[in-house]
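A.B. asks: Residue strings, one per chain:
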Amino acid sequence: MEAAVFIAAAAVILVGAVGVVGSRNPVHSALFLIQTLLGAAVLFVLQDAHFLAAVQVVVYAGAIVILFLFVIMLLGVDRAMRLDIEPIAGQRPLAVIVGVALAAVLLTVTVVATGELTGVRRAAGERALDNGLSDVERLGRVLFSQYALAVQATAVLLTIAVVGAVVLTRRHGGHSGPSGEET
Amino acid sequence: MGAEVLALAFERPPIDWHAVAPELVLLGFGALLTLIDIAALERGRALMSALASIGLLAAMVPILTLALDGADRAMFGGAYVIDDYALIMKAIFVLAGYVVVLLSVNYVAEGDYWENEYYQMLVSSILGMVLMASARDLVTIFVALELLSIPAYLMATWRKRDLASNEAGLKYYLMGVFASAVLLYGMSLLYGVTGSTMLSDIAGGVAAGAAPPAVVTLGVIFVVVGFGFKVSAFPFHTWAPDTYEGAPTPVTAFLSVASKAAGFVALLSLVFVGFWNRTDVYQPVLWVLAAASMFGGNLMALRQKNLVRLLAYSGVAQAGYMLAPLAVAGTSAAVADRALAAVVTYLAIYAAMNLGAFAVIIAVARRTASAHIDSFRGLFRYGPALAVAMTVFLMALAGIPPLGGWFAKFEIVLALISASTVAGTALGVIVAVNSVIALYYYARIASYMWVEDPPEGADTSPISTPLAVTAALVITGGATLVFGILPQWVGRFTEVSLLAAAG
Numbered sequence: 001m002e003a004a005v006f007i008a009a010a011a012v013i014l015v016g017a018v019g020v021v022g023s024r025n026p027v028h029s030a031l032f033l034i035q036t037l038l039g040a041a042v043l044f045v046l047q048d049a050h051f052l053a054a055v056q057v058v059v060y061a062g063a064i065v066i067l068f069l070f071v072i073m074l075l076g077v078d079r080a081m082r083l084d085i086e087p088i089a090g091q092r093p094l095a096v097i098v099g100v101a102l103a104a105v106l107l108t109v110t111v112v113a114t115g116e117l118t119g120v121r122r123a124a125g126e127r128a129l130d131n132g133l134s135d136v137e138r139l140g141r142v143l144f145s146q147y148a149l150a151v152q153a154t155a156v157l158l159t160i161a162v163v164g165a166v167v168l169t170r171r172h173g174g175h176s177g178p179s180g181e182e183t
Numbered sequence: 001m002g003a004e005v006l007a008l009a010f011e012r013p014p015i016d017w018h019a020v021a022p023e024l025v026l027l028g029f030g031a032l033l034t035l036i037d038i039a040a041l042e043r044g045r046a047l048m049s050a051l052a053s054i055g056l057l058a059a060m061v062p063i064l065t066l067a068l069d070g071a072d073r074a075m076f077g078g079a080y081v082i083d084d085y086a087l088i089m090k091a092i093f094v095l096a097g098y099v100v101v102l103l104s105v106n107y108v109a110e111g112d113y114w115e116n117e118y119y120q121m122l123v124s125s126i127l128g129m130v131l132m133a134s135a136r137d138l139v140t141i142f143v144a145l146e147l148l149s150i151p152a153y154l155m156a157t158w159r160k161r162d163l164a165s166n167e168a169g170l171k172y173y174l175m176g177v178f179a180s181a182v183l184l185y186g187m188s189l190l191y192g193v194t195g196s197t198m199l200s201d202i203a204g205g206v207a208a209g210a211a212p213p214a215v216v217t218l219g220v221i222f223v224v225v226g227f228g229f230k231v232s233a234f235p236f237h238t239w240a241p242d243t244y245e246g247a248p249t250p251v252t253a254f255l256s257v258a259s260k261a262a263g264f265v266a267l268l269s270l271v272f273v274g275f276w277n278r279t280d281v282y283q284p285v286l287w288v289l290a291a292a293s294m295f296g297g298n299l300m301a302l303r304q305k306n307l308v309r310l311l312a313y314s315g316v317a318q319a320g321y322m323l324a325p326l327a328v329a330g331t332s333a334a335v336a337d338r339a340l341a342a343v344v345t346y347l348a349i350y351a352a353m354n355l356g357a358f359a360v361i362i363a364v365a366r367r368t369a370s371a372h373i374d375s376f377r378g379l380f381r382y383g384p385a386l387a388v389a390m391t392v393f394l395m396a397l398a399g400i401p402p403l404g405g406w407f408a409k410f411e412i413v414l415a416l417i418s419a420s421t422v423a424g425t426a427l428g429v430i431v432a433v434n435s436v437i438a439l440y441y442y443a444r445i446a447s448y449m450w451v452e453d454p455p456e457g458a459d460t461s462p463i464s465t466p467l468a469v470t471a472a473l474v475i476t477g478g479a480t481l482v483f484g485i486l487p488q489w490v491g492r493f494t495e496v497s498l499l500a501a502a503g
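If you read the sequences in order, they're chains A and W. Using the numbering used here, you'd call the opening residue of the first sequence number 1 and step up by one each time. Using the numbering used here, you'd call the opening residue of the second sequence number 1 and step up by one each time.
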């Protein structure tokens, strides 16, 4: 069962990764990136890292890639790009070299250090320390007990950041007349 | 599994409401300002500055009751500590914030600014500083740092239509974010080595022999560098002159005093509690930072033509004076207590004299619309009271008795000498040499005001100073004089120790 899920997720990731590099349309590349990140989230679930999986979906797939999409569309490049021009000279050979080197390093590490960093699950004794709670729940307990104050302060921080961002982006500053100004 | 979860039913951590009362008051007033802003829109403008100052003064009440109570309080397993040190720092932040509100009232109301949000930013930033004073674990320190920094980034750009202000905000933001990243990296290394975010646990975890020295060294250096940006120590001061010059002047006053003090309060907690056992790592770093800041700040200040830029570089040098005692703090427990007291004393006096200098600049710039040094020529002819006040603040910054600054410098040098090490004595000599260099540029401004004639064509009718700025001048001037004439009075409040917490 675990092997089947792993193979399915790995296939999703690989297809997505190839899609990111191979798509002619930048919007498609960004969408393939979401697919890759979702596949990685499944792998995290497989490793009992439920919180990481949720963050992967919410933050990376949800927020960051959407930000990519905004930028792509704001720049107006949401159509097929001409791939035969190189903006930076020597970029492509360099990318191939770096890619091959990275693959070589990763393969060497997995071959040399087998058993230390492949998907070995934690021993039962270690898991007993969790009191049968998932990592999401344990994290929640820590956040709302030991770090409760920091969490509350973060809430204030986010509120004030939104207020400030709105002020900075509004077109007219201050009040410009006796009636006030509600642009 | 169901039964186990029930057995682990969530219990609210015990909260000492009295201990967090200053924060709650500030939070309440910040929320009140926001709500009034939403409900009344522009009609609420007149209320904002008054409510902000009432809020800050109200926050002083629980600080005083906690000080009278006298007992040290700790919450969240020691992550949040209320002791004499935290309380004196909270008082400095809140009172400095109050003076900044006084300086802002006319500036913000008369300029073309968003007024309601300005005070919300200010109160939130002070809330972050007050949190920082009590924070004794890495997570709380970091969140407090961001809470005090992000409103400050925004306030630096408050003159939205002025390119210089945009540049000020952007530079401050980019450098600040970069510093936060370096700091976080250092913190993650320390957490990785010690397995705890609590400073008291880190103290044991980084002790010699307990952890790989390379990782500890990197972590300590990154954390010190991260706060080096915040306190604008040389060579991490590059944002300060441009940001100080471009930001609205009351905001500059706030950055140069409160924001710098907040960086120091975190640095003090980290050095005296977290890194206490690794004097071999943090002392050389801080020694170099202190010496470089003193020389770098003072030598660059000599060439400045703009008073705000000059105060920015002088602020770099002042940060150097305050870093100096930390570089010898680890010699012995007695030296450490003396060093901590010296830095806290310096922060209190520096707040008074620097805010006062900015108050005069704001008062004069209302007439001249410039902080260029030439616009202070002949100030004595048409603004004698302002000229006298500015001279008092400048001489205090230079460290001339009987003004507050001399006692602050005296304490610093005493702490350095009391270490009776070569490094400490050398740093004491450097402090003395730099005080002489600094006297030159402070005295030059004074001579411009007293001796020279006003520039041709300048309006030399007497300057009228708004009531709020006058009040700020009286408070800061009074504090500068009292600290100088009755040093034992301020000394009694700054006799604090962090070492008990280190265990």
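Read the hints as simulated data drawn from the structure, not as lab findings. All C-beta atoms, glycine included, are put in the ideal place defined by N, C-alpha and C. Among the hints, erroneous ones may be present.
[Claimed, not checked] Okay, derived cross-link-like pairs now, SDA-like style, lysine to any residue, Cα gap no bigger than 20 Å in a straight line:
(1) W:K171 - A:L133
(2) W:K160 - A:V162
(3) W:K171 - W:V182
(4) W:K305 - W:A365
(5) W:K160 - A:V167
(6) W:K171 - A:T169
(7) W:K171 - W:A181
(8) W:K305 - W:A207
(9) W:K160 - A:A8
(10) W:K160 - A:V27
(11) W:K160 - A:A11
(12) W:K305 - W:V182
(13) W:K305 - W:K160
(14) W:K160 - A:G76
(15) W:K160 - A:Y60
(16) W:K160 - A:V166
(17) W:K171 - A:V20
(18) W:K171 - A:V167
(19) W:K171 - A:G76
(20) W:K305 - W:A164
[Stated by the list, open to error] Residues from chain W that keep clear of chain A, each with C-beta distances beyond 10 Å, as calculated:
(21) W114
(22) Y185
(23) S370
(24) I417
[Unchecked claim] The calculated label-pair distances, taken between Cβ atoms and stated as ranges, are:
(25) A:G19 - W:I15: 48 to 58 Å
(26) A:G99 - W:V422: 48 to 58 Å
(27) A:A63 - W:A423: 21 to 31 Å
(28) A:A17 - W:A426: 52 to 62 Å
A.B. asks: A separate judgement is required for each hint: does it hold in the structure or not?
C.D. replies: Evaluated hints:
Simply put, W:K171 and A:L133 have alpha-carbon atoms about 45 Å apart, too far for the 20 Å limit, and the pair is violated. With a CA separation close to 17 Å, the supplied pair W:K160 and A:V162 stays within the 20 Å bound. The suggested pairing of W:K171 with W:V182 holds, with an alpha-carbon distance near 17 Å, which does not exceed 20 Å. The straight-line distance between the Cα atoms of W:K305 and W:A365 is roughly 15 Å, inside the 20 Å bound, and the hint therefore holds.
Restraint check for W:K160 and A:V167: the C-alpha separation of about 9 Å stays at or below 20 Å, so the hint holds. A hinted pair counts as satisfied when its Cα atoms are at most 20 Å apart, and W:K171 with A:T169 qualifies at roughly 18 Å. Taken as a hint, the W:K171 and W:A181 pair is honoured in the structure, with Cα atoms around 15 Å apart against an allowance of 20 Å. Straight-line distance between C-alpha atoms of W:K305 and W:A207 comes to about 48 Å, which puts the hinted pair past the 20 Å bound.
Among the hinted pairs, W:K160 with A:A8 is inconsistent with the structure: their alpha-carbon atoms are about 53 Å apart, more than 20 Å. This hinted pair does not check out: W:K160 and A:V27 have alpha carbons roughly 34 Å apart, beyond 20 Å. With a C-alpha separation of about 51 Å, the suggested pair W:K160 and A:A11 falls outside the 20 Å cut-off, and the hint is violated. Between W:K305 and W:V182, the direct Cα distance comes to roughly 33 Å. Violation of the 20 Å bound is thereby established for this hinted pair.
Taken as a hint, the W:K305 and W:K160 pair is broken in the structure, with Cα atoms around 25 Å apart against an allowance of 20 Å. Between W:K160 and A:G76 the CA atoms are separated by roughly 28 Å; this puts the pair beyond 20 Å, and the hint is violated. A threshold of 20 Å between alpha carbons decides the hint, and for W:K160 with A:Y60 the separation of about 32 Å lies outside it, so the pair is violated. Distance check on the hinted pair: W:K160 and A:V166 sit about 12 Å apart at the alpha-carbon level, within 20 Å; holds.
Our distance criterion of 20 Å between C-alpha atoms is broken by W:K171 and A:V20, whose separation comes to about 34 Å. Pair hint W:K171 plus A:V167 holds up; C-alpha atoms about 19 Å apart against a cutoff of 20 Å. Proposed proximity of W:K171 and A:G76 is contradicted: the alpha carbons are some 28 Å apart, above 20 Å. With a C-alpha separation of about 17 Å, the suggested pairing of W:K305 with W:A164 holds against the 20 Å cut-off.
The beta carbon of W:W114 is not kept farther than 10 Å from every beta carbon of chain A, the shortest such distance being approximately 5 Å. With a least beta-carbon separation of about 19 Å from chain A, W:Y185 lies farther than 10 Å from that chain, consistent with its non-interface assignment. The beta carbon of W:S370 is kept farther than 10 Å from every beta carbon of chain A, the shortest such distance being approximately 21 Å. Here W:I417 stays apart from chain A, with its beta-carbon at least about 40 Å from theirs, past the 10 Å limit.
In this structure the supplied range 48 to 58 Å holds for A:G19 paired with W:I15, their Cβ-Cβ distance being about 51 Å. Taking the beta carbon of each, A:G99 and W:V422 are about 55 Å apart, inside 48 to 58 Å as hinted. For the pair A:A63 and W:A423, the supplied restraint of 21 to 31 Å is violated, since their beta-carbon distance comes to about 49 Å. At about 58 Å, the CB distance of A:A17 to W:A426 agrees with the hint of 52 to 62 Å.
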